[in-house]
Structure formats: structure tokens, C-alpha cells
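**Q** Modelling step: build the complete structure from the supplied sequences, incorporating the hints.
So the chains spell out like this:
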Amino acid sequence: MTPAADDKHFLKDPVSDRDWARGPADAPVTLVEYADFQCPDCQHSHPVIERVLADHRDRVRFVFRQFPIVSLHPLAQGAALASEAAGRQGRFWEMQRRLMEAEGRIGEAEALRHASELHLDIEQWRRDLADPALSEHIRETKRLGVRSGVNGTPTLFINGVRYEEQTEPVREQELRAAIEEALAAAQPAARE
Amino acid sequence: MAALEVGAKAPDFALEGGVAGSFRLSEAVKRSRFVVLAFYPLAFSPVCTEEMSLFQEILEEFTELGAQVVGISVDSKYAQQAFAESKGITFPLLADFHPKGVVAQQYGVMREDGVAERALFIVDAQMVVRYSFVSELRKNPGADRLLEALEGMQG
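These protein sequence lines are chains L and U, in that order. In this text, residue positions in the first sequence follow numbering that gives the first Met the number 0: the first is 0, and each later residue adds one. In this text, residue positions in the second sequence follow numbering that gives the first Met the number 0: the first is 0, and each later residue adds one.
Errors might be hidden in some of the hints.
The calculated label-pair distances, taken between Cβ atoms and stated as ranges, are [as the list claims (entries may be wrong)]:
id, chain 1, residue 1, chain 2, residue 2, range
1, U, 135, L, 18, 29 to 35 Å
2, U, 126, L, 23, 35 to 41 Å
3, U, 11, L, 175, 24 to 30 Å
4, U, 154, L, 131, 26 to 32 Å
5, U, 63, L, 185, 45 to 51 Å
With a Cα cut of at most 30 Å, we get these calculated DSS-like pairs of lysine-lysine [said to hold, decoys possible]:
id, chain 1, residue 1, chain 2, residue 2
6, U, 29, U, 86
7, U, 76, U, 138
8, U, 86, L, 7
9, U, 138, L, 11
10, U, 138, L, 7
11, U, 29, L, 11
No wet-lab data here; the hints were simulated from the structure. All residues carry an ideal CB built from backbone N, CA and C; glycine is no exception.
**A** Here is the structure:
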């Protein structure tokens with residue numbers, strides 16, 4: 000038997016300007032989430048992550064990456080595209096929030112309604128939805144995600160190391176503790 | 000009995016697998032260069048679902064690396080078929096049903112509680128085990144190490 004020696008997994012796809020990122024670029028802690036809009040655990044984790052982020056607004060950067068599990072979730076790919084296309088008009092995070100909070104009601108009609116409410120240029124949004132470059136970007140994000148040890152959703156990485164609580168909705172206390180630990184480790188000499 | 004190790008001769012077997020019909024390992028390794036055998040405890044149990052769905056998502060990558068993926072559990076072929084249909088799994092899910100778990104036994108991954116371990120093997124065209132990994136039962140082993148192993152076997 001091959002021993003399950005070192006079970007740590009590291010992000011192989013560094014955060015770059017292709018990513019959707021919120022928070023200061025020089026934040027001591029970067030939290031990366033791989034998620035699927037149709038995944039209930041991702042939906043339930045969304046407010047938890049938002050609350051933890053709100054407490055560390057200046058010191059944690061948040062990166063959202065698409066990981067639609069299309070064989071299981073027929074609406075996930077469309078929703079991922081809808082948010083990416085909104086991102087091309089500078090409204091990624093608003094669309095991301097709306098789709099995460101929609102409890103799975105994320106079909107074409109709902110996405111279109113959100114796009115209208117966000118005052119997107121609908122014709123442009125539709126053209127972007129069909130742009131092969133967007134689906135290729137999602138495919139590549141998933142491909143590299145799998146290489147980094149994303150086995151399902153949501154999967155989080157804190158400063159590049161996989162956060163090992165990934166088969167259930169993220170628990171607030173644990174995530175908060177892990178973020179605080181990373182903050183402490185990143186700042187041996189306190190700045191404040 | 001411990002799981003077969005790298006370098007061991009892979010026992011040949013033929014099993015039924017829902018829509019896939021019958022599957023014989025020695026024939027499959029000739030068609031693709033490698034076969035990934037993914038043993039899992041039971042159809043429809045949560046972690047297996049996630050593991051098989053993950054393999055489904057990146058099936059193309061396995062194909063590009065010359066590997067055919069098959070799942071194996073002690074479920075009946077009807078359960079496997081229902082599992083495959085409900086989860087959109089298109090690769091074969093094989094029924095190691097009668098005598099129960101005989102293939103899992105040959106690979107050293109049958110548990111005393113009546114189900115297979117969550118184990119992964121890569122078998123090459125010479126019917127040699129090239130990769131062997133037994134995961135914790137409740138843990139999705141993922142695909143990163145499998146893909147890395149397959150990459151190392153190219154050329």
C-alpha cells in the first residue's frame with residue numbers, strides 16, 4: 000500500500016490579475032474559494048465567508064474561482080458564465096452575490112433578470128456569454144484547480160494551502176480561527 | 000491482505016457495468032494505454048458521489064493521458080446504472096457483486112465490513128500495477144496525484 004504520506008495540498012495556480020479579487024492586493028492573507036453556484040454547500044458557505052471577510056476587510060483579500068460540476072449541476076456552468084460575463088462590465092461581485100444567494104434558482108431567466116437589474120448592456124452580456132474564451136477560462140480554472148487538490152466544492156485555500164474542511168458548508172468559527180492564525184503567522188512583527 | 004503494490008501483476012477480471020455492458024480489464028488496457036481502477040465503498044454514499052463526479056468532470060484529461068477510468072463497488076449492476084444515470088457519469092461503473100467483492104479481494108482492498116476500500120490503481124498495457132493508493136474511507140482522494148502519476152508514465 001502506498002502510504003497516505005503528506006496530505007497537504009498547495010495552490011498550483013497563483014492568484015493573478017485574471018482572477019476576481021476583492022480587498023487589498025498587499026493583504027497579508029489571501030483566501031481563495033473554488034465554488035459552484037448550484038452547490039448547496041457553497042450557497043450555505045457564502046454568508047459565512049462574507050461575515051469573516053467583513054471582520055478583516057483591510058487584511059484579507061478574497062479570490063473567487065469557478066468550479067462548476069456540470070455532470071451533477073446542469074445550471075452551474077451557465078451561472079458561472081453569467082457572472083464572468085457580468086465581470087466584463089465591472090459587475091462580477093454583484094452577480095456573484097446574487098447567484099450565491101439565489102438558493103439554486105440560477106437558470107437563464109433569473110440570470111437575465113439579475114443582468115437587467117444590474118443595468119448591464121444586455122446585448123453585450125449575451126455576446127460575452129457565448130464567447131468561447133470565457134468557457135475556456137473556466138475550463139482552465141477547473142483543470143488547474145483539480146491539480147491543486149480541489150476535489151469538490153467549496154474548497155478554500157488560505158495563503159496557498161488547502162483548508163481542510165471541504166466536504167461540508169464552511170463553519171464560521173473554524174474559518175475565523177484559520178484566518179486569524181494565518182494573519183498571525185504573516186505578521187511576526189505587528190504593524191499596529 | 001494489503002492492497003496490491005506498484006509492480007504487482009494486475010489480476011484480470013470481467014465485470015458487468017450498467018450501460019457499459021461487460022468490461023474485461025485485459026481488453027481495456029489494450030484499447031487505452033492505462034486503466035484507472037477506482038474502488039469505492041457504495042453507490043450513492045456521499046463521498047463516492049463527489050469522487051466519481053470529479054472524475055467525470057475531468058474525464059477528458061484522463062483520455063488525453065491515455066487512461067480509461069472505471070469505478071468498481073460491490074453494488075449490483077442495476078444500482079450502478081441508477082447511480083451513473085442520476086449523477087451523469089458516463090464512464091463504466093462496474094458491479095463487483097457476485098461472488099461479492101471478488102475483484103476487490105484480488106486487489107487486496109476488500110474490507111471486513113463488506114465493502115471495498117476507497118482505493119485507486121493504475122494498470123498499464125502489460126497488466127502491471129503502476130500506481131496504488133488507499134485513501135481514508137470517508138475522504139475523497141481527489142485526482143491530482145493520479146494525474147501526476149499518469150503524466151510521469153507518458154512517453
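**Q** All the hints need checking, so say for each whether the structure fits it.
**A** Now the hints, each set against the structure:
no. : hint                         : in the structure
1   : U:135 with L:18: 29 to 35 Å  : holds, 31 Å
2   : U:126 with L:23: 35 to 41 Å  : violated, 56 Å
3   : U:11 with L:175: 24 to 30 Å  : violated, 53 Å
4   : U:154 with L:131: 26 to 32 Å : holds, 31 Å
5   : U:63 with L:185: 45 to 51 Å  : violated, 38 Å
6   : U:29 with U:86               : holds, 28 Å
7   : U:76 with U:138              : holds, 24 Å
8   : U:86 with L:7                : holds, 29 Å
9   : U:138 with L:11              : holds, 21 Å
10  : U:138 with L:7               : holds, 13 Å
11  : U:29 with L:11               : violated, 33 Å
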